[in-house]
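Q: One letter stands for each residue in the lines below.
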Amino acid sequence: MVLNLKTSSVETREQRLGTIIGWDGTASKLADESAFSRGDCGGCGTKARRVCELEGPFTQGSVCSEQMVECQAGNIRDAVLIQHSPIGCGAGQVIYNSIYRNGLAMRGLPVQNIRFISTNLRERDMVYGGAEKLAEAIRLAVERHQPKAVFIATSCASGIIGDDIESVARTAEAEFGIPIIPLHCEGFKSKHWSTGFDATQHGILRQIVRRNPEKRQDDLINVINLWGTDVFSPMLGELGLRVNYVVDMATVEELAQMSEARATVSFCYTLGTYLATALEQEFGVEQIKAPQPYGFAGTDAWLRELARVTGREAQAEDYIAREHARVKPLLDELRPKLKGLKGYVATGSAYSHGLIGVLREIGVEVDGSLVFHHDPVYDSEDPRQDSLGHLIENYGDVRHFTVGNRQQYQFYNLLQRVKPDFIIIRHNGLAPLAARLGIPAIPLGDEHHALGYQGMVNLGESILAALQHRKFHKDIAKRVSLPYKQSWLAQKDPFALARAAS
Amino acid sequence: MAILALKSRPTEITPDADKSGAIELVRYVCAIGAMQTAAAIPRVVPITHCGPGCADKQYMNLTFYNGFQGSGYGGGPVVPSTNASQREVIFGGADRLRELIESSQLVLDADLFVVLTGCIPDLVGDDVGSVVRDFQKRGVPIVYAETGGFRGNNFTGHEAVTHAIIEQYLGPWDGVREQGTVNLWSLLPYQNTFWRGDLEEIKRLLEGIGLKVSVLFGPDSEGLSEWRNIPRAQFNLVLSPWLGLSTAELLARRYEQPYLHIPVVPIGARESGAFLRKVAAFAGIPADVVEAFIAKEEKRYYNYIDGFTDFYSEYWWGLPARFAVIGDSAYNLALTKFLVTQLGLIPAKQIVTEDPPVEHREAIQAEFRAIDEDVSVDVEFVEDSYTIHQALRNADFGHKPPIIFGTTWERDLVKEMKGSLIEVGFPASYEVVLSRSYVGYRGALALLERIYSTVVSHSA
Numbered sequence: 226m227v228l229n230l231k232t233s234s235v236e237t238r239e240q241r242l243g244t245i246i247g248w249d250g251t252a253s254k255l256a257d258e259s260a261f262s263r264g265d266c267g268g269c270g271t272k273a274r275r276v277c278e279l280e281g282p283f284t285q286g287s288v289c290s291e292q293m294v295e296c297q298a299g300n301i302r303d304a305v306l307i308q309h310s311p312i313g314c315g316a317g318q319v320i321y322n323s324i325y326r327n328g329l330a331m332r333g334l335p336v337q338n339i340r341f342i343s344t345n346l347r348e349r350d351m352v353y354g355g356a357e358k359l360a361e362a363i364r365l366a367v368e369r370h371q372p373k374a375v376f377i378a379t380s381c382a383s384g385i386i387g388d389d390i391e392s393v394a395r396t397a398e399a400e401f402g403i404p405i406i407p408l409h410c411e412g413f414k415s416k417h418w419s420t421g422f423d424a425t426q427h428g429i430l431r432q433i434v435r436r437n438p439e440k441r442q443d444d445l446i447n448v449i450n451l452w453g454t455d456v457f458s459p460m461l462g463e464l465g466l467r468v469n470y471v472v473d474m475a476t477v478e479e480l481a482q483m484s485e486a487r488a489t490v491s492f493c494y495t496l497g498t499y500l501a502t503a504l505e506q507e508f509g510v511e512q513i514k515a516p517q518p519y520g521f522a523g524t525d526a527w528l529r530e531l532a533r534v535t536g537r538e539a540q541a542e543d544y545i546a547r548e549h550a551r552v553k554p555l556l557d558e559l560r561p562k563l564k565g566l567k568g569y570v571a572t573g574s575a576y577s578h579g580l581i582g583v584l585r586e587i588g589v590e591v592d593g594s595l596v597f598h599h600d601p602v603y604d605s606e607d608p609r610q611d612s613l614g615h616l617i618e619n620y621g622d623v624r625h626f627t628v629g630n631r632q633q634y635q636f637y638n639l640l641q642r643v644k645p646d647f648i649i650i651r652h653n654g655l656a657p658l659a660a661r662l663g664i665p666a667i668p669l670g671d672e673h674h675a676l677g678y679q680g681m682v683n684l685g686e687s688i689l690a691a692l693q694h695r696k697f698h699k700d701i702a703k704r705v706s707l708p709y710k711q712s713w714l715a716q717k718d719p720f721a722l723a724r725a726a727s
Numbered sequence: 004m005a006i007l008a009l010k011s012r013p014t015e016i017t018p019d020a021d022k023s024g025a026i027e028l029v030r031y032v033c034a035i036g037a038m039q040t041a042a043a044i045p046r047v048v049p050i051t052h053c054g055p056g057c058a059d060k061q062y063m064n065l066t067f068y069n070g071f072q073g074s075g076y077g078g079g080p081v082v083p084s085t086n087a088s089q090r091e092v093i094f095g096g097a098d099r100l101r102e103l104i105e106s107s108q109l110v111l112d113a114d115l116f117v118v119l120t121g122c123i124p125d126l127v128g129d130d131v132g133s134v135v136r137d138f139q140k141r142g143v144p145i146v147y148a149e150t151g152g153f154r155g156n157n158f159t160g161h162e163a164v165t166h167a168i169i170e171q172y173l174g175p176w177d178g179v180r181e182q183g184t185v186n187l188w189s190l191l192p193y194q195n196t197f198w199r200g201d202l203e204e205i206k207r208l209l210e211g212i213g214l215k216v217s218v219l220f221g222p223d224s225e226g227l228s229e230w231r232n233i234p235r236a237q238f239n240l241v242l243s244p245w246l247g248l249s250t251a252e253l254l255a256r257r258y259e260q261p262y263l264h265i266p267v268v269p270i271g272a273r274e275s276g277a278f279l280r281k282v283a284a285f286a287g288i289p290a291d292v293v294e295a296f297i298a299k300e301e302k303r304y305y306n307y308i309d310g311f312t313d314f315y316s317e318y319w320w321g322l323p324a325r326f327a328v329i330g331d332s333a334y335n336l337a338l339t340k341f342l343v344t345q346l347g348l349i350p351a352k353q354i355v356t357e358d359p360p361v362e363h364r365e366a367i368q369a370e371f372r373a374i375d376e377d378v379s380v381d382v383e384f385v386e387d388s389y390t391i392h393q394a395l396r397n398a399d400f401g402h403k404p405p406i407i408f409g410t411t412w413e414r415d416l417v418k419e420m421k422g423s424l425i426e427v428g429f430p431a432s433y434e435v436v437l438s439r440s441y442v443g444y445r446g447a448l449a450l451l452e453r454i455y456s457t458v459v460s461h462s463a
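One line per chain: the protein sequences are Z and L, in this order.
Just so you know, we're using our numbering here: the first sequence kicks off at 226 and counts up by one.
Just so you know, we're using our numbering here: the second sequence kicks off at 4 and counts up by one.
No lab work stands behind these hints, which were simulated from the structure alone.
Idealized CB from N, CA, C, for every residue including glycine.
Among the clues, some could well be false.
What the hints assert, rightly or not - Below 27 Å or equal to it, Euclidean Cα-Cα: the simulated BS3-like pairs (lysine-lysine) are:
# : chain 1 : residue 1 : chain 2 : residue 2
1 : L       : Lys-418   : Z       : Lys-373
2 : L       : Lys-140   : Z       : Lys-710
3 : L       : Lys-302   : L       : Lys-215
4 : Z       : Lys-564   : Z       : Lys-644
5 : Z       : Lys-567   : Z       : Lys-373
6 : Z       : Lys-567   : Z       : Lys-254
To be verified - Derived DEER-like restraints, expressed as beta-carbon distance ranges:
# : chain 1 : residue 1 : chain 2 : residue 2 : range
7 : L       : Gly-142   : Z       : Cys-277   : 31 to 41 Å
8 : Z       : Asp-607   : L       : Phe-384   : 28 to 38 Å
9 : L       : Glu-452   : Z       : Lys-644   : 40 to 50 Å
Given only the sequences and the hints, what does the whole structure look like? Please build it.
A: As structure tokens, this is what we get:
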């Protein structure tokens, strides 16, 4: 598959990868039905990648592509994001400001507010169009902040009324001499928000990344991440490599130099699949095709592949040996304390595959997970990146593996099926329900928390801390009334409505 | 894609659209944010017909990164949504909405569903009214409000929701009014970070002079039974500069129910006393009852203020003299009144940020102009934070570091100005707010603690 960077809109994940948002079964069955190394499809349709998807009549509020544009393009330190939308889409400014500020603080960067401008489309603009307001917002962005680039996020409203954002952006780019980058992320266009990651990365690839790099930085590694603490610099430093963190909290120049780097890695293939594959396709920047860096097996394999690509095998082997020696006694201390515990992971897809591996590595039982979507293949189409396959091969099957688009009503039944001692979660809306059932959550704001060798220790310690919260949760669980009907709470099958409808 | 004609609405809720410009760092959300107005009524569940991110965005920033209030029984992640896709945009979403309402009844335990629309159905012209009316005819407790984001903000969406419940859920009423009962229409739930604690304190004050109060929203509301009893109350009390007025007017038209409008939400003894006397006069409560309650409250209040006097007169390291308030008209007016009349602070800049409908702006101006017998304030109406911050930089705060009553957006600015920030409004992402209140007698004391703890903690 060749990624098409010629058009300004990114192809949605469901078109490119066959992404689904509803499925329930064992992890091994899902891997079998997914294309990757395992080949065959699950029998739905004739396309190569087609997993049978459960679709029901009842759905709770999900997340849209534009939110992922906010959390990526909106967090570039010397750029401005314009939301070409009615004011409600600007609500994300509050959420991502808080996350951005705290992320900057964690990374030791100067704390500042995000720079988002809403064009504030009103009823009149729905009739006459909002192009002038967009042009004016771009001018304001440039005057106010002297940005190195301006991103434009589209919205459902601007998409439906058909504003010609491309021509406004081109005119402004000629006038101001900086990249003005439309990101097509209308919420209704893709059923899963992860398309929004791709929309941002598509725009960066088209208009920011240096097209004809004059030099190569052979020790520079692009690390696709979010706001997490800087765990990559020390780790890659052991191999004599430097880190270029993208996309969040990067500068425009740091994004531009991605084409000069030696290779690209990420903490999560859901986030990194598009950018890393396109960098390889367009600029020959190699994508590290290995398991994700979680647990001993994943981290070992990931480091070895990175070392192979960059020609640093000896340093890597030395580092791996030292880290094994350092971490093993720490884990030996942790494992007895964690013995007999059961965890549940509810996160984005590839990230969950990594976390389950870490949990099993530290002796925590996992027989259920909810992932918010499933990509049957990543953009590289390389089986070495089959994160679900890696999980199953190294750590065994997961009995209750569910794909669901953050539906709280199903989460109740999912938890009843598994009855975990704690959950690990990164996205809002589900932990509050678990809390009301007496189950504490580990909210992973720092996405690097469980990464690499130290990540196993970190997660183990976080579990022990979260378990202490049980006192709080057990207390509230006795007092709470859930908004769901008894008949639904008694339902054993979280997908009963979907199955009845099909 | 062709645009379909917009349906006309019985009441125009969008303020002067032509003047609206770009907004940086938002201070309100869109009309569908009123999903949290519905969710603020116990056991009421909103159903949102909109794109996949709308509901999440509105609730996460109203209920989470604004005081971490929690999203309520039927709000936040509970809220059903059509998560409208390309299919609904092209072919219309009425069938999908019907399916969602049907299935919501199977899953959710609610006394009333409130359907709210987003941009997509309002633009493609879904006939949401006819879908909902079918359910109403079948006896399903459900109403709908058109709250597409381009139609207005969460203040106007709030009124659209209250109108929808009154017009579509409450029946005709010709009984006898119950003397001594009042419906309270005041602060906007969830947008105002302190609304729950504040409603509790206002209710306590009104009960103190013998009234029976329906607060309608929040933990002190009895839920739909209270709403059904709305027409029975002796009168409606609108306690805010403008929000709730159109609802009170609707009730006056529909049930010939009188209303009292008091623009200033009371903070501190002076305003609380004045407030109670006005309400008592309107309700026909004898003066001795009111005065006895005020005297009791003042005794407690001034006992604490007496203790505070040592600090206020003798703190060695200086206290701020000038202040600015950036926020919704209700809290802005209330705080300014309190800080000027009771503490003797000097107002340097007051900016109202919720885009009040044009017809109410003159009245709001007038309240600020008459803030005290010797102080007049010229309030500005601005929504764009960049413009607001420029105005604050240019304001005259004298030679002392200022105290800014604002939002999280002012954190960087206040650091730059070496002042103190009290986050009192949306968004307040660095405050955790449970039952805290800043109004009435008790709230004023909590506010003083908050202000001066902030100031003192800066001093070393």
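Q: Let me make sure I understand: some of the numbered hints might not hold for this structure. Which ones are they, in numerical order?
A: 5, 8
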